[in-house]
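Peer 1: Which chain is which? The protein sequence lines are A and B, in order.
Under this note's numbering, the first sequence has 69 at position 69, and the numbering climbs by one with no breaks.
One rule links them: number in this note's numbering = place in the second sequence (from 1) + 1000.
The hints are simulated quantities; they were obtained by calculation from the structure and are not laboratory data.
Incorrect hints may appear among the rest.
Said to hold, decoys possible - Taking CB as the label site, the calculated pair distances span: (1) A:E69 <-> B:K1116: 31 to 41 Å; (2) A:D59 <-> B:K1068: 22 to 32 Å; (3) B:S1009 <-> A:T5: 29 to 39 Å; (4) A:D59 <-> B:H1010: 23 to 33 Å; (5) B:T1077 <-> A:S67: 35 to 45 Å.
Said to hold, decoys possible - No more than 25 Å apart at the CA atoms, straight line, and that leaves these computed lysine-lysine pairs for DSS-like: (6) A:K70 <-> A:K3; (7) B:K1069 <-> B:K1058; (8) B:K1109 <-> B:K1058; (9) B:K1112 <-> B:K1068; (10) A:K53 <-> A:K3; (11) A:K3 <-> B:K1068; (12) B:K1109 <-> A:K57; (13) B:K1049 <-> A:K3; (14) A:K71 <-> A:K55.
These figures come from a predicted structure and were not determined experimentally.
Beta carbons: idealized from backbone N, C-alpha and C, even for Gly.
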Amino acid sequence: DVKVTQSSRYLVKRTGEKVFLECVQDMDHENMFWYRQDPGLGLRLIYFSYDVKMKEKGDIPEGYSVSREKKERFSLILESASTNQTSMYLCASRLIGPTNTEAFFGQGTRLTVV
Amino acid sequence: AQSVTQLGSHVSVSEGALVLLRCNYSSSVPPYLFWYVQYPNQGLQLLLKYTTGATLVKGINGFEAEFKKSETSFHLTKPSAHMSDAAEYFCAVSDHKRGGSQGNLIFGKGTKLSVKP
């Protein structure tokens, strides 16, 4: 069974803290993604990575950074958490292949910044 | 640029009734289309996908979707709703802008389905 695992289901952090959200996949996928989900806004792409140490900004990268030191692990970093970063964060991975494939999602991390 | 529009942020049906969730896409190239379901406080799970070939796609839990190029639509249907279908549903299209068809997925804003007993 394919698996994308996010390190925490729920997190509560204080304003100004540095926050790390971790994601691990066991499918040897090249592509990994971090999305943010807010009511009425759907999923918005923060960053994605198509290889180790490679990353590209998504639609809403401000206030976030990422790290991909190993193929299976993709971390999202909030350098200085703010209350407007309270949200559901979803990690996904996707294979690059000869036919188009779906993305596989983790269970999500619900982050509250107080 | 690709985009996805889901008509109706909330849809309510009675148990046993037809489920119809609408999705229209915009794409300058042949699209790859997906429907995902999200149960409360869970990640997204693939329901079905259209890549090439047959335009009527069958998915899990009795759902199906039909790709209609002339209407740029990919509506999701289920003949008879069950209480367990209550969830949020997302339509998505592959983003060809990044790395060809192997890149990001662009999502609609989602449709929350309620099922009344």
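Peer 1: Evaluate each hint against the coordinates.
Peer 2: Structure-based check of all given hints:
no., hint, verdict
1, A:E69 <-> B:K1116: 31 to 41 Å, "violated (49 Å)"
2, A:D59 <-> B:K1068: 22 to 32 Å, "holds (28 Å)"
3, B:S1009 <-> A:T5: 29 to 39 Å, "holds (30 Å)"
4, A:D59 <-> B:H1010: 23 to 33 Å, "holds (25 Å)"
5, B:T1077 <-> A:S67: 35 to 45 Å, "holds (42 Å)"
6, A:K70 <-> A:K3, "holds (16 Å)"
7, B:K1069 <-> B:K1058, "holds (17 Å)"
8, B:K1109 <-> B:K1058, "holds (23 Å)"
9, B:K1112 <-> B:K1068, "holds (23 Å)"
10, A:K53 <-> A:K3, "holds (22 Å)"
11, A:K3 <-> B:K1068, "violated (32 Å)"
12, B:K1109 <-> A:K57, "holds (20 Å)"
13, B:K1049 <-> A:K3, "holds (19 Å)"
14, A:K71 <-> A:K55, "holds (12 Å)"
Violated hints for the displayed structure, listed by number in ascending order: 1, 11.
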